[in-house]
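Chains A and B supply the protein sequences, listed in that same order. If you use this note's numbering, the first sequence corresponds to residues 26 to 561, in order. If you use this note's numbering, the second sequence corresponds to residues 289 to 475, in order.
Honestly, the hints are just simulated from the structure, not real lab data. In this text, all values refer to a predicted model and were calculated from it rather than measured experimentally. Some hints here could point you the wrong way.
Dumping the calculated BS3-like pairs for lysine-lysine here, alpha-carbon to alpha-carbon at most 25 Å [as the list claims (entries may be wrong)]:
1) A:298 <-> A:255
2) B:394 <-> A:56
3) A:56 <-> B:397
Just a few of them, taken from the derived set where beta-carbon distance is under 7 Å, the chain A residues facing chain B [said to hold, decoys possible]:
4) 142
5) 154
6) 155
7) 156
8) 160
9) 161
10) 206
11) 214
12) 371
13) 372
14) 373
15) 374
Chain A regions said to be covered by chain B (calculated; three or more residues, Cβ under 8 Å) [claimed, not checked]:
16) 83-90
17) 144-153
The beta-carbon is built from N, C-alpha and C at its ideal position, and this holds for glycine as well.
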Amino acid sequence: MNPKHLVLPALCVGGAALLLAPARPSMAFSKIGGLLSPSQRDVRVFDNFLDATADDNATPSTQFPGWTGLDLAVWKGITEWASTIHGDGTGDPVNGNVLGDGGANFDAFWSGSAADIGGTNNNIVSGQTTCGGTGVLAYTETPISDGWRIRFCDEWNWDDGPGTIGSRWDIQGITCHEYGHALGMGHSAVGTATMAPSGSPGQTGLRSLATDDINGIKCVYGAASVIKPKIFATDATGGVNITISGQNFDLANNEVWFANSNVTATGVDPIVKVTGAPSTSGVEITVAIPADASPGDVIVKIPGATGSTVSNAFPTDLAGVFGEPPIVMPDITSIFPTLIDALLPGTAQEVVLTGVNFLLTTDVLVDGVPLAPSSYTILSNNSITLDMPQVASLGAHNISVTDGTNTDDFGVTVGAPFLPKLQWGNGDPANVVDKDDGFTILMSGTVGKNHYVYYSLSNSPSSNQWVSFDIGANFSDLTRLGVFAIPASAVASTFIPPSAIGDPGPGGLTVYAESLEFDPPAPFPDSNTQSIHIVQ
Amino acid sequence: MTKSFLSLCLVGALSAVSLAQIKSFTLEEMVQTADDAVYGQIVGSRVFSVDHSVDGKDLFFTVLTIEGRGMSDGRPLTIDVITPGGFLDATTGVFNSEAPAADDIKVGKRVVAFYRWADDMGGGVAGNALVAAHGGLYRTVEGPRGAAVLGRGEGYAVSANLRLDHLESSVAQLHAMKAIPVTPDKH
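Okay, chain A solo, but in the shape it has when bound (with noise of 0.2 Å):
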C-alpha cells in the first residue's frame, strides 16, 4: 500500500467538508462608503428597454396608484429599502413579502418618468443596450452622496412581474439590489440577502431584505428614528385639497412631495413640492393638490438635514382615502419616575408624564378616578406634571389621560419610600393651618415598622448616637407627638383636631416637625421636615 494514495482522497474530503460548513450567519453586508444626502430621495425611470415583458403589465397594485409595467416594478423594487411598511405593504404577490422593511432613517420616492438616461448623479433607472453579455446583469453607478444612475444589461430578458417571471429576470428584485448599492452598500457575503452577489432567472427572491441588508441600511443610516416624520394616512377625497395623518410633522414648516405627473429632464429636481405647509398638533397638514402632481406617493420633509427629517412614503391616488387616520388622542409614552413613593410630601408635581397630544387632555386620573385640575399642570403638547395623590395600595395602579372621549392608561407601581416620609398639612413648608379646623398628618415607610413622630418651635438640629433631626434646639424643645404603625399601604395617617391645639396668638404659631423609623441599630433613618404655620 503506497501511503500517498491515502493521503490525498483524505485531503480532499477535508476539502469538501471545509466548502459544506456553513457561512457565518454574523453580518456580512458591506459599504461602499458615503451615503445619499436628504435631497437624494427621488428616483426616476427612462424607458428605453427593448423586451416587451419588461414593460407589458397592465394590471394596477392598490398601494402603488398610478403607475404600471416598468415604472411599477421599480417604484415597488425601491420601496422595499422603506423605513416602514409602504401602505398595507402589498405588491409582492409572488412571495407574499410584505414591502417596507428597510427600518432605517431612509425613504425613497417615486418621482415618475425622466426624458432620458441621464448623467450618473441624476437618480434615473434606464437599459443600456448591451453590456458585453459577459454576464453583468445590472448596474449602479455611484458618485455617491449626490446621486446615482442604475442600467439594466438589454442582451437579458427582463420582465417587469408581478407575477411569475418564467425565465425571465426581475425587474423588481433586480431593482432593490442596484438601488441597494446606490444607497451606499456593498455585495454580502450571506448568500439569502438581497445584496449577494448571486441571482438566477426566474428569482424573485431578491424582492424581499434579509436581516443582513437591514442591518446594512440601518448601519448605513442610522435606525428610523422616533422623531421622524411618520404619515399614517392620506385623504384627498374631492381631488382639491390633500389632508395627510401621521405624527412629528413641523407645526409650521413643512414640504409636501409629490411624484411628477410630467415627463422631466434630467438635470432638474423631479418632485412637486409644496413648501410652508403648517400642521395641526404635528399630526395633520391639509395642502392643495398641485396641479403636476401625480398619483404615486407623498412625503413629508420637516425643517434639517438628516435622514430623520424626511418621512416615510405613503400612497394617494390624489381621490380617495389611503390608510387610516390615527385617533387623535392624548397618549402617555413614559411616566417619571417610574416607581412613586407612597407619600410625596407637598404639592409640588414631581410626576413627570411624557407623551403626545397632551393639550387635547381634559382630565388626568390616577385609578379612574379624575383629579383636581390643581394637582396636574399640562406643560405642553408632549409633557404634563402632577402630584401624585396617595393610593389606597402599593403596587400596580394606572395613571390616565384623557380627551372626554378616548382615554389612555399608562402603568405605574407605587413602593413604600426608602427613608421615612411625614407631610403637616398639605405638605408645603409653613403651608397654613387654621387652628378651627384641624390639620392631618400622613406618614409612610416601611411596612410594620413604628414612625415616632416629634414636633418643636425650633427648626435648630438636634443629634445623637440615634438620630439627626434639623428641629429641636438640641433635644431642648422637642416633643413627642406619637408612635404611628405603618400599614400595608405604606401610609399611616392621623387627623389633629381642632381641640388638640392651643392658642397659636394673634401673630399665628410656625411648627416643625420630623420623624424616625425605629429600625435597630441605631442612628435610626429620619423623615424629611415638616413646618406648618397655625393660626387663629
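Given the coordinates of chain A, assemble chain B onto it according to the supplied hints.
Showing chain B alone in chain A's frame:
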C-alpha cells in the same frame, strides 16, 4: 493519476458554486463563456469615458494590461481587459457596483482574469471584457508551493483558495472540451 484525481475533486467542488448579480456561473460555464483566462501581473491601468447617443453619456471604463500566460495553454500573453467604471482623477468618474474592487486591480497585483471579446460593452466600446465583471477576476499570492488563487466565497466561480496549477489544469481541461463536437442525441 494523483494529479488528475485532485483536479476532478476541485472541479466537482467548483461546479456547485454560483455567481453573480452578474448571472450565475459555474467554473465550467465561466470557461465556456470566456475566450480564455490569463494569469499574470497588472502592468498598466487607464480609465476612459465615452458619450453615446443611445447608451448615454459619461460611460467610464477601466483598461487593465495584464502580462503573463494564457491559462488554457500556458503561452506567454499580454492582454488588455476592460471592466466598467473607474476614475479619471479623484473626482471624475464613477464607482461601478459590479466592477472589481479598486485594491484588486492596482498595478503590480498578480491576478487570474477571465476575458471574452465583446463588440459592444455599452457605448460602442469593443474589447476584451472581464467576464462577469468582478466575478471574473481573482487575486493570487505566492506561496511555498507556488501561486495560490484567492477564492471569493460563496457565489463566486472560485469560492475557496486553491493552488494556481490546479485551477490551470481545470481550466485547460474545460477549455479543451469546448473544441469537442457534441454528438447529436440519437433519440
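Taking the hints in turn, this is what the structure says about them:
1. The hinted pair formed by residue 298 of chain A and residue 255 of chain A meets the criterion: a straight-line CA distance of about 17 Å does not exceed 25 Å.
2. At roughly 20 Å between alpha-carbon atoms, residue 394 of chain B and residue 56 of chain A fall within 25 Å of each other, so this suggested pair holds.
3. Restraint check for residue 56 of chain A and residue 397 of chain B: satisfied, since their Cα atoms lie roughly 23 Å apart, inside the 25 Å limit.
4. Interface hint status for residue 142 of chain A: upheld, as the beta-carbon distance to the closest one in chain B is roughly 4 Å, under 7 Å.
5. Look at residue 154 of chain A: its Cβ gets to within about 6 Å of chain B, closer than 7 Å, so that hint holds up.
6. A distance limit of 7 Å between C-beta atoms decides the matter here; for residue 155 of chain A the minimum to chain B is near 5 Å, and the interface restraint holds.
7. About 5 Å separates the beta-carbon of residue 156 of chain A from the nearest beta-carbon of chain B, less than 7 Å, and the hint is met.
8. The beta carbon of residue 160 of chain A comes within 3 Å of a beta carbon in chain B, closer than 7 Å, and the hint placing it at the interface holds.
9. The criterion of a C-beta within 7 Å of any C-beta in chain B is met by residue 161 of chain A, whose closest approach is roughly 5 Å, and the hint holds.
10. Hint on residue 206 of chain A holds. Least Cβ distance to chain B is approximately 4 Å, under the 7 Å limit.
11. A cut of 7 Å between beta carbons decides the hint on residue 214 of chain A: the least distance to chain B is about 5 Å, and the hint holds.
12. At its closest, the beta carbon of residue 371 of chain A sits 64 Å from a beta carbon of chain B; the interface hint therefore is violated under the 7 Å criterion.
13. For the restraint placing residue 372 of chain A at the interface with chain B, the shortest Cβ-Cβ distance is roughly 64 Å, beyond the 7 Å limit, so the hint is violated.
14. Because the closest C-beta pair between residue 373 of chain A and chain B is about 60 Å apart, greater than 7 Å, the hint is violated.
15. Hint status for residue 374 of chain A relative to chain B: violated, with the closest Cβ pair at about 57 Å, above 7 Å.
16. Here the segment 83-90 of chain A counts 0 residues with a CB under 8 Å from a CB of chain B, which misses the bar of 3, and the coverage is violated.
17. By the rule of at least three residues with a Cβ nearer than 8 Å to a Cβ of chain B, the coverage given for the segment 144-153 of chain A holds, with 4 such residues.
In summary, the structure is inconsistent with hints 12, 13, 14, 15 and 16 from the numbered list given earlier, while agreeing with the others.
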